[in-house]
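For the protein sequence lines, the chains are X and V, in the order given. The numbering of the first sequence is our numbering, which starts it at 4 and goes up by one. The numbering of the second sequence is our numbering, which starts it at 212 and goes up by one.
Calculated from the structure, these hints are not laboratory results. Every residue, glycine too, gets a C-beta built ideally from N, C-alpha and C. Heads up, some of the hints might be wrong.
Said to hold, decoys possible - Taking lysine-lysine pairs in the DSSO-like style, the calculated list, with each CA pair at most 30 Å apart, reads:
(1) 47(X) / 316(V)
(2) 35(X) / 9(X)
(3) 9(X) / 316(V)
(4) 404(V) / 35(X)
(5) 9(X) / 47(X)
(6) 475(V) / 404(V)
(7) 353(V) / 47(X)
(8) 47(X) / 475(V)
What the hints assert, rightly or not - Covered stretches of chain X (in silico footprint by chain V; criterion: 3 or more residues with CB under 8 Å from a CB of chain V, positions within the stretch not fixed):
(9) 11 to 19
(10) 45 to 55
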Amino acid sequence: MKLKMKMPDLATTEGSDIMIQQWCVEVGNMIKRGQPLLEVETDKSVMTVESIASGMLDIAHVEPGDAVSVGDVIATLEVDQAHPVTAPLQPDSSTPKKKPPDQGNEIPVVRPKKKGSMFARNRMGSPGDELS
Amino acid sequence: MNGSNCESYPEHDSEFLLSLFRTMVLIREFEERVRFLFLEGSMPGTIHQCQGQEATAVGTCSALREDDWITSTFRGHGHGLAKGLTPQEMMNELYGSIDGCCRGKGGSMHMGNMEKGMVPGIAIVAGGIPLAAGMALAFKMKNTSQVVVCFFGDGGVAEGAFHEGVNMAAIWELPVIYVCENNLYGASTRVDKVMKNTRISDRAVAYGIRGETVDGNDVLAVNEATRRAAVECRAGQGPVLLELLTYRRTGHSRRDACNYQPEKEQEEWYARDPIVRFSSLLLEQEIAMEADLESIRDDVQQQIEAAVTYAQQAPQPTLDDLTTDVFA
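Bound conformation, chain X alone (with noise of 0.2 Å):
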């Protein structure tokens, strides 16, 4: 099915445009929800806009160079599941596929040794450690 996605309310100014500068993604190629869509120049910074569902770029409806406003139609997306805005999200970060790397001694990862032990103590460094 195809999903028309808009322009996000990113601008610090109601009602100012929002730039086009470029798009991360070529038409015909595929994007994942929460990747880097396009990017867009706000009236304070430049943004990058996420796609809302994974899928196909099929239509970029806005160039770079552009001026939009919010809720303007940006994309045409191609998706297959029937519920795309409302899939749940693709496990990322908080996935325990693994173990985070190790994290040196500046705050450690709590590694009780064995159960009803599980309190860690506060193991924080001297003043400066964690800005310096």
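Once you have looked at the hints, place chain V on chain X.
Chain V only, in chain X's frame:
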């Protein structure tokens, strides 16, 4: 003062540990769902989200009694869910419905529920600090043994209200736990650009109270520190200043591109993600199997989807509601 006044901690059964995991996942999934509702244009206004900071809210609130209170900030979704507000009443609130926890008049920045011990979020930076001192004074005068946890960020420390509120709580030995969620940035400004000594807990010395810096991405360490602080407060030895080191995995608000967080710093902190770390611990300690955690995640996602479905058609205020629950 030091932290020698520890109670003996009860053994944590797996039910308690899994409840910590569930609430952290609930906060993450709630925030992610809201992020997409914003992108889809379904949810108006901006939002301040707390992805990456789940352990501060959950570790703290899980150490409190039901009749204890919290004050929150503009970044209050996590605090609300951790204090027992339901995703439904909060999602309703985000959609401006009269079924919301503030009858649609609070919105994202004033999340709260007085029946559940959460003052609606105070969006003024550090605004909750003197307010919490007042609440704690009431507890002390009524001799109730309740405590109040006051959340604020690293940016709040530079406000005059911090000095005034913490000092007053200190001289009157009030039962308030001042919890600074130090996520390294006040909006886009890094803490080391605005303070010489970036160890915020050191400031406790100036007020004659105990301060402690804790790994804010370790839910158990936060829980332990809060329990210790609560014991002291209930014993008339408050207040306590807790600094929880954490990191937000999102901009200051939805309209903030977050370009000021260096990539290397982001990678280092993402590797300390509180949910990933706690998952690893649960698996390692054989508290849960991967399938159990997935099942919790699925369950939470369904709960949030149901909340969105209802909230999107929940009743909106009428003209008559314009003059209710307001002073002027």
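>> Which constraints among the numbered hints does this structure fail? Numbers only, ascending.
In response: Failing hints, ascending: 4, 7.
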